[in-house]
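Chains as they are written, first to last, in numbering that gives the first Met the number 0: chain A, 0 to 247; chain B, 0 to 217.
If you're looking for bench data, these hints aren't it; they were derived computationally from the structure.
What you were told as hints is all true, and nothing was included just to trick you.
Coverage of chain B stretches by chain A, computed from C-beta distances (three or more under 8 Å per stretch; other residues unrestricted):
hint: 1; region: 3 to 10
hint: 2; region: 90 to 99
hint: 3; region: 164 to 173
hint: 4; region: 176 to 187
The beta-carbon is built from N, C-alpha and C at its ideal position, and this holds for glycine as well.
Here is what each chain is made of, one letter per residue.
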Amino acid sequence: MKLHLKIWRQKDKNTQGKLVDYWLEDVNPHMSFLEMLDTLNEKLVLSDEMPVEFDHDCREGICGQCGVMINGLAHGPLKNTTTCQLHLREFKDGETIVIEPFRSKAFPVKKDLKVDRAAFDRIIASGGFVSVNTGQAPEANSIPINHETAESAFDSAACIGCGACVATCKNGSAALFTSAKISHMAKLPQGKEEREHRVLNMVHQMDNEDFGHCSNTEACEVECPQSISVLNIAQMNYEYNRAKVLKK
Amino acid sequence: MQSLTRKILMCLTGLFLCFFLIIHLLGNLQLFLPAKTAQLQFNAYSHFLSGNLFIKMVSYVLYASIILHALYALVITMKNKQSGGSYKTDNRGRASKWYSRNMGMLGTVLLVFLIIHFKNFWYEYKFGVLPMDANGNKDLYTLVVTTYQEGWYVVIYVIAMIALGYHLLHGFFSAIRTLGVFHPKFVRWIRYFGIGYSLMISLGFAIIPVYVYFLNAK
Ligand code: HEM
Ligand code: FES
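Start from the sequences and build out the full structure, keeping to the hints where you can.
What follows is the structure, encoded as structure tokens:
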């Protein structure tokens, strides 16, 4: 199949970028979206041009490293799918595809389709952990957790941190990402110990990173590759209000 | 101030306004009574409200809520505009409702309406000179009925109530989310309740001027 690509090219953080046209003549509809970009890059390298830079790692939809805006949609037209799991059969022969980086004030573009998502790491570092003493791993079953609770916590923990929620949100809010971690921990007995500190610190860090407010439009859940529920955001709000009320 | 604290302020002021609207609508239902009874009863009701100390305190909470709500709406919306990305090709709208993305715009319509509304009735009642009715109460009823004889005012009113309906449709649900209700069953119930509430309030308020307009047109 044939494709007309309009790809965001930007030299570095401080240079103005623009959309550049590329044409691919003979791509296989069963290729993944990233393989299509590989094909383009091969062509570019052979003609002495700079390849298009984009992030990726596992290419199996589990690491959260990939992610671009495809025709104005985070991770493209399929809902709840990562860019690496999207295939060209979702597009029409001869279609024009606009590819842009995930954007928000907190995600500066580093080059082409690559954005700096270190803000997420700093949010996790501010409280997305439980404090345990070093030494032998504790006996796994010493703290009883029922199946429903474990599953529910795991649903929250399934966030892969790709940033599609932020890119999709009109406010560039990181509420879904931050709340998934907060409620993952709040649901488990190990996480309950530090819950007040955790939510206050993580929300504080989220604000410091220039993410916007959550308007509860719920667009993030629709586009999230892992279908992380917006009820995590509700639980974060609960944890936050609770921590504020209990604060000494 | 943290972002979630700002949202809590929006939420509490918004919910107070939601509560106020119920009382306000119930009071306005007296306008549906036969003209003679409506006039005396509505004016007596207004007189009672303006003289009551408790109601006076509530009214200050009301003014503060409107001002704080509008102020924080501005702060939040401006920050959100800066934080959000923009795209050359943008189809993100498929994932959410238009009114949830335009609360600031809907709120601005409401603010403009509130200014007109306050000027027409609140200001005239408190600071203007109104004739008295048979019971010696200020005749707010006649002011209301003559105002609704103006077609353009009825149109403004109805447009504002459509904006209110959409603002509440998202606002009520969003406020409860901001409070932190995360149990799926209650979240579902609240969503249904919010839809019913928004419909009742916006339709209820919109019907009154239309009713008065057509009643007196004959
Ligand atoms: C004075 C004009 C008004 C403006 C400028 C305004 C603006 C806004 C904005 C921008 C939001 C969304 C905040 C966000 O995106 O998270 C909002 C939320 C809300 N508004 Fe208003 N509004 C106004 C009047 C009202 C009125 C009259 C009511 C109720 C009767 C109301 C009830 C609410 C509620 C319940 C929320 C939800 C709060 C939350 O998300 O937690 N607003 N308003
Ligand atoms: S590359 Fe790992 S999720 Fe796409």
